[in-house]
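Visitor: This is what each chain is made of:
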Amino acid sequence: KAGVTQTPRYLIKTRGQQVTLSCSPISGHRSVSWYQQTPGQGLQFLFEYFSETQRNKGNFPGRFSGRQFSNSRSEMNVSTLELGDSALYLCASSLVPSGELFFGEGSRLTVL
Amino acid sequence: ILNVEQSPQSLHVQEGDSTNFTCSFPSSNFYALHWYRWETAKSPEALFVMTLNGDEKKKGRISATLNTKEGYSYLYIKGSQPEDSATYLCGETSGSRLTFGEGTQLTVNP
Chain A
1 KAGVTQTPRY LIKTRGQQVT LSCSPISGHR SVSWYQQTPG QGLQFLFEYF
51 SETQRNKGNF PGRFSGRQFS NSRSEMNVST LELGDSALYL CASSLVPSGE
101 LFFGEGSRLT VL
Chain B
113 ILNVEQSPQS LHVQEGDSTN FTCSFPSSNF YALHWYRWET AKSPEALFVM
163 TLNGDEKKKG RISATLNTKE GYSYLYIKGS QPEDSATYLC GETSGSRLTF
213 GEGTQLTVNP
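Sequences listed follow chains A and B, in order. The first sequence runs 1 to 112 under my numbering. The second sequence runs 113 to 222 under my numbering.
These aren't lab readings, by the way, just hints derived from the structure by calculation. Using N, Cα and C, we set each Cβ at its ideal position, and we do this for glycine too. Errors might be hidden in some of the hints.
According to the in silico footprint, chain B covers these stretches of chain A (three or more CB under 8 Å from chain B) [said to hold, decoys possible]:
id	region
1	9–22
2	55–62
3	96–109
Far from chain A by the CB rule (all over 12 Å, computed), these chain B residues [said to hold, decoys possible]:
id	residue
4	Pro120
5	Leu123
6	Ser130
7	Asn132
8	Ser139
9	His146
10	Ser155
11	Glu157
12	Leu164
13	Lys170
14	Ile174
15	Gly207
Label-pair ranges, simulated between beta-carbon atoms [what the hints assert, rightly or not]:
id	chain 1	residue 1	chain 2	residue 2	range
16	B	Arg173	A	Gly62	38 to 48 Å
17	A	Gly62	B	Ser130	40 to 50 Å
18	B	Ala153	A	Ser86	17 to 27 Å
19	A	Thr38	B	Glu117	32 to 42 Å
20	B	Glu168	A	Thr80	27 to 37 Å
21	B	Glu168	A	Lys13	42 to 52 Å
Same shape as in the complex, but just chain B (with noise of 0.2 Å):
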């Protein structure tokens, strides 16, 4: 892998659903793995910055876990709200440069 890519491009979810989203990165000189979730006319918010092989952190109904050999992440949301629409971006910092991948759309339905 060349680059950050994430999947799905899109989803849409009922109201209650537990969803979950992949991120893959270059492991060669991985330094840091970030979660932003960015809401429509808001600013990019930092959900999580994950550095170590296994990391796995939480905050409420969203946890993210880290693979740096195989170079991937996967976001996890449990019981999703409506609240929770918006775009999720994941990034890897190599070298001195963090890279985005394009985003996950997620939409939850009420």
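Chain A extracted, bound-state conformation (with noise of 0.2 Å):
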């Protein structure tokens, strides 16, 4: 079956400018993650949704939003972009929250 899908893979932005990025779970998975990795940093938790409901939220800015919808598509949407938020951005999903992850290849973010 098809893997989690995450799109756009490369993009660059400009500082101020916003950005939206998407993830298609695997087919049956209603959790979907989302995880930003920085150069020397480890996968830094950004929020989980689960059946279109936030079930929590790491310690980020409000600059960075989620959401999910009734097809367990995610999209997470980063406004006013800063040259910090350059980074990879994984998308995984789950059967259940919590549990064993499934992940994209992720959306590599450069910010100028």
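Put the two chains together into one complex; each comes in its own frame, and the hints tell you how they fit.
Guide: Right, dumping it as structure tokens:
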């Protein structure tokens, strides 16, 4: 079956712009979580959604937001981009919250 | 321990060596311990998810143990191969959040 699909894979934005990243989970997976990885850092938890509800949010400013649709697809949005937002953003889906994660290939964002 | 901590940060071994890494985590409010392998230019892949104190899991040459009372897990690789070169991530679920350590980067030299 198809894996987790993230789009776009690469994007370049400038400071002050906003960006929306998309994640399509594995069919049947209702839990989607997002992580940020910056150079020298581990995976930092952004949010987790289950059945369209945000179950938990990491320690990120309000510029970072997300949502999940009825088909379990999820989007995350970053507004007013800053240079420090340059990172690899990984989405993962699981059958149940906090279950084994299946990761997408990530969206690599560069902010100039 | 307040966060998930992994040691060592990096490790270089020769092909055929056996090796192990440590993951330490806060033992209060524990729910599950995850291990993932992350190869360069690929997505992280799950190795093990463990929930019970004393759990031991094995997949081929890789095995893991869990001690929830003292808050640590060990990952063992027997007879390392160059294809084992990757970053090994450990993550702890407490409450509804999965928190990862910074990983152990393993390089296996042929």
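Visitor: Flag every earlier hint the structure violates by its number, smallest first.
Guide: 1, 9, 10, 11, 15, 19 and 20
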